[in-house]
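Read in order, the letters of the sequence shown correspond to residues 15 to 396 in this note's numbering.
Hints were generated in silico from the structure; no laboratory data involved.
Any given hint might turn out to be false.
Calculated pairs, EDC-like style, for lysine to aspartate or glutamate (alpha carbon to alpha carbon, straight line, at most 16 Å) [as the list claims (entries may be wrong)]: (1) K144 <-> D178; (2) K144 <-> E255; (3) K185 <-> D141; (4) K192 <-> D209; (5) K312 <-> E390; (6) K185 <-> E210; (7) K192 <-> E171; (8) K385 <-> D364; (9) K240 <-> D209; (10) K152 <-> E171; (11) K241 <-> D209; (12) K192 <-> E210; (13) K241 <-> D371; (14) K174 <-> D209; (15) K240 <-> E210; (16) K174 <-> E148; (17) K185 <-> E134; (18) K145 <-> D178; (19) K241 <-> D369; (20) K145 <-> E255; (21) K240 <-> D371; (22) K385 <-> D369.
Across the chosen pairs, the derived CB separations fall in these ranges [what the hints assert, rightly or not]: (23) K312 <-> E210: 41 to 47 Å; (24) N307 <-> T222: 20 to 26 Å; (25) S133 <-> Q186: 14 to 20 Å; (26) S308 <-> D141: 41 to 47 Å; (27) N263 <-> Y311: 36 to 42 Å.
Each residue gets a CB set at the ideal place from its N, CA and C atoms; glycine is no exception.
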Amino acid sequence: MDDGDAHEIEASKMELFCGRYFGASLQHVIDEEENLAAKIRKWKSVLRAGQAQLNKEKMHEANVGGVTDENEGNRLKLTTLLLDLHRSIIRCSLARLNSPDLSLSELHRLHMAENDSLSEFLTVAVDVAKKAGEVIRKGFYRTKHVEHKGSVDLVTETDKACEDLIFNHLKQRFPSHKFIGEETTAANGVSVLTDEPTWIVDPLDGTTNFVHGFPFVCVCIGLTIKKVPVVGVVYNPIMNELFTAIDGNGAFLNGNPIKGKYTSWLACICLILLQVGTKRDKATLDATTNRINSLLYKVRSIRMEGSCALGLCGVACGRIDLFYEIGFGGPWDVAAGVVIVKEAGGFVFDPSGNDFDITAQRVAASNTIVKNAFVEALQESA
Numbered sequence: 015m016d017d018g019d020a021h022e023i024e025a026s027k028m029e030l031f032c033g034r035y036f037g038a039s040l041q042h043v044i045d046e047e048e049n050l051a052a053k054i055r056k057w058k059s060v061l062r063a064g065q066a067q068l069n070k071e072k073m074h075e076a077n078v079g080g081v082t083d084e085n086e087g088n089r090l091k092l093t094t095l096l097l098d099l100h101r102s103i104i105r106c107s108l109a110r111l112n113s114p115d116l117s118l119s120e121l122h123r124l125h126m127a128e129n130d131s132l133s134e135f136l137t138v139a140v141d142v143a144k145k146a147g148e149v150i151r152k153g154f155y156r157t158k159h160v161e162h163k164g165s166v167d168l169v170t171e172t173d174k175a176c177e178d179l180i181f182n183h184l185k186q187r188f189p190s191h192k193f194i195g196e197e198t199t200a201a202n203g204v205s206v207l208t209d210e211p212t213w214i215v216d217p218l219d220g221t222t223n224f225v226h227g228f229p230f231v232c233v234c235i236g237l238t239i240k241k242v243p244v245v246g247v248v249y250n251p252i253m254n255e256l257f258t259a260i261d262g263n264g265a266f267l268n269g270n271p272i273k274g275k276y277t278s279w280l281a282c283i284c285l286i287l288l289q290v291g292t293k294r295d296k297a298t299l300d301a302t303t304n305r306i307n308s309l310l311y312k313v314r315s316i317r318m319e320g321s322c323a324l325g326l327c328g329v330a331c332g333r334i335d336l337f338y339e340i341g342f343g344g345p346w347d348v349a350a351g352v353v354i355v356k357e358a359g360g361f362v363f364d365p366s367g368n369d370f371d372i373t374a375q376r377v378a379a380s381n382t383i384v385k386n387a388f389v390e391a392l393q394e395s396a
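With these hints in hand, go ahead and build the complete structure from the sequences.
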């Protein structure tokens, strides 16, 4: 075997390894092979020097993100976080990356090992979402006992029962994980999102819809790792629609793959879904109506559905072109949905055009073409 053949084999290994574990497309890896290989060699030297675990600080130090675009960079960061879960396996694979006996089957095994934990998390979340959904479905057709949670939000016995059911189930399976729920946060004060694996749950998104018999209601179960959403389950038991996604594995509706629209910003075809949010003070309402008035001149039509999570899923499955909400209740409204949008090929961002922040109570989702036109239109209404 001459040097050229050896280099080709090594490049193939690097291409396959990077294409999976660093989130970039294979073509991108090929184009940047030498640059990326140098970054990885530096990363490996960090590990050999005795670094205890892979973390995003060392990835930043290695500057691998410098060869990716914005979307690939985001996936790269997330991939790094997921490697924390399997660092012993990954250390071994990195140490052997240049070994001639590193086979494609071994690389495939590593790929499967990475997904094992997320797949388990998803399976458990789907199971308990369906159980909570059955509670919602039965309650949907009964007379409700309704309490007020603030001036606008309502809470029912069903909300509380579903959250207890979900958290009890998750805590039994994953006792070391953290938990944030809408109802427990309302009762006990603000819950701080940390880097620990954290289940973020809205047991009944669309409570007002639920009270009035409007069928846009759902269970929302999301999992974050180092504040990044990686698992999402949104289940509407009235319409029997189950949206699911884990990072890197696509998005699904009732088990069938889904993709968002790739509409351009044209008034004759663009459909926008929005929510008003939970505040009803005059300044907030004036700003909201100004935004709506500005957008109405530029789109086909606007809808209000009453569920942030289902709005995000509407973008993911191509029913609507853009969803946004400013002033939603908390991370439980979006933790599950943003994973589903991203895995369906959509783009999640702050309505200002900045990066999405799960703690900021501001979200928008669309494709990148619609995003740019939407941000411009929203700025004009300010």
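Hint check results:
Under the criterion of a C-alpha separation no larger than 16 Å, the hint pairing K144 with D178 is consistent with the structure, at around 14 Å. Taking the CA atoms of K144 and E255, the gap is near 10 Å; set against the 16 Å cutoff, the hint holds. For a cut-off of 16 Å, the pair hint linking K185 to D141 stands: about 14 Å separates their Cα positions. For the suggested pair K192 and D209, the alpha carbons sit about 10 Å apart, so the restraint of at most 16 Å is met.
Only pairs whose Cα atoms come within 16 Å are accepted, and K312 paired with E390 is accepted, the gap being roughly 11 Å. The suggested pairing of K185 with E210 holds, with an alpha-carbon distance near 14 Å, which does not exceed 16 Å. Distance hint between K192 and E171 is unfulfilled; the C-alpha atoms sit about 24 Å from each other, more than 16 Å. About 10 Å separates the Cα atoms of K385 and D364, which keeps this hinted pair within 16 Å; it holds.
Taken as a hint, the K240 and D209 pair is honoured in the structure, with Cα atoms around 3 Å apart against an allowance of 16 Å. Straight-line distance between C-alpha atoms of K152 and E171 comes to about 12 Å, which keeps the hinted pair within the 16 Å bound. Between K241 and D209, the direct Cα distance comes to roughly 5 Å. Compliance with the 16 Å bound is thereby established for this hinted pair. At roughly 7 Å between alpha-carbon atoms, K192 and E210 fall within 16 Å of each other, so this suggested pair holds.
Using a Cα cut-off of 16 Å, the hinted pair K241 and D371 holds, with the two alpha carbons roughly 9 Å apart. As the CA atoms of K174 and D209 are separated by approximately 26 Å, the hinted pair breaks the 16 Å bound. Between K240 and E210 the alpha-carbon distance is near 6 Å, which keeps this suggested pair within the 16 Å criterion. Straight-line distance between C-alpha atoms of K174 and E148 comes to about 14 Å, which keeps the hinted pair within the 16 Å bound.
Taking the CA atoms of K185 and E134, the gap is near 14 Å; set against the 16 Å cutoff, the hint holds. Distance check on the hinted pair: K145 and D178 sit about 12 Å apart at the alpha-carbon level, within 16 Å; holds. Our distance criterion of 16 Å between C-alpha atoms is met by K241 and D369, whose separation comes to about 14 Å. Restraint check for K145 and E255: satisfied, since their Cα atoms lie roughly 14 Å apart, inside the 16 Å limit.
A C-alpha spacing of about 13 Å is found between K240 and D371, which places the hinted pair at or below 16 Å, so the restraint holds. This hinted pair checks out: K385 and D369 have alpha carbons roughly 12 Å apart, not beyond 16 Å. The hinted range of 41 to 47 Å is satisfied by K312 and E210, whose Cβ atoms lie roughly 42 Å apart. Between N307 and T222 the beta carbon distance is about 24 Å. The supplied range of 20 to 26 Å therefore holds.
Taking the beta carbon of each, S133 and Q186 are about 19 Å apart, inside 14 to 20 Å as hinted. Distance hint for S308 and D141: a CB-CB separation of about 44 Å, consistent with the stated range 41 to 47 Å. Separated by about 40 Å at the C-beta atoms, N263 and Y311 satisfy the suggested range of 36 to 42 Å.
Hint violations for this structure: numbers 7 and 14, all remaining hints satisfied.
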